[in-house]
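Participant: Sequence:
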Amino acid sequence: MGLLGAVAGSPHSYRLMLKWHRLVPPIERLLRRASRGRLGVLELAGLPSLQLTVPGRKSGIPRTVTVQYVADDSSLLVVGSNWGLAKHPEWARNLAATYHADVDRGGHRETVTVELLTGVERRRAWHTILDFWPNYALAQERAGERTFQIFALRPAASG
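So the sequence shown is residues 934 to 1092, counted in the working numbering.
Simulated from the structure, these hints should not be mistaken for laboratory data. There could be a bad hint or two in this list.
[Claimed, not checked] Label pairs and their in silico Cβ distance ranges:
(1) Leu1063 with Ala1019: 17 to 25 Å
(2) Thr1044 with Pro1067: 26 to 34 Å
(3) Glu1078 with Gly1052: 17 to 25 Å
(4) Arg1042 with Ile960: 18 to 26 Å
(5) Lys991 with Phe1065: 28 to 36 Å
(6) Glu1078 with His1033: 26 to 34 Å
Using N, Cα and C, we set each Cβ at its ideal position, and we do this for glycine too.
Produce the entire structure from the sequences given, and follow the hints as far as they go.
Facilitator: And the structure:
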């Protein structure tokens, strides 16, 4: 994690980011455009990120979003935190409605299977995620009654 990641990782800084989260998507788009897709906000912070492409659950149109992930064995765990807002992010709602998605991590593209984790698997994944990025607990607290969706993305069988 870089210096920016260390700053973002402090609870005080993260609380400020939660308040100013609306600035992140336009900055992300600007960085992606200027770097031809190679650099975004999370990369600047030295945090692991991926470009997730998932079809819209109603339109079927593929949508791409940058998300932070936590590597866990053969899975990539992604959290639908939506900055602790009351609603699930649209990308998570789309992901929950499909079985496959496309992932780009640093130029490595692959199709993945999608599993929405529940029960014991979700609790275990949540602890793994919090070990890596404790600030998700602040966002979960801010979300109130909404429980974050956690997805396991795994390489799809080729062939």
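Participant: It remains to establish, for every hint, whether it holds in the given structure.
Facilitator: Hint check:
no.	hint	verdict
1	Leu1063 with Ala1019: 17 to 25 Å	holds (21 Å)
2	Thr1044 with Pro1067: 26 to 34 Å	holds (31 Å)
3	Glu1078 with Gly1052: 17 to 25 Å	holds (19 Å)
4	Arg1042 with Ile960: 18 to 26 Å	holds (24 Å)
5	Lys991 with Phe1065: 28 to 36 Å	holds (33 Å)
6	Glu1078 with His1033: 26 to 34 Å	holds (30 Å)
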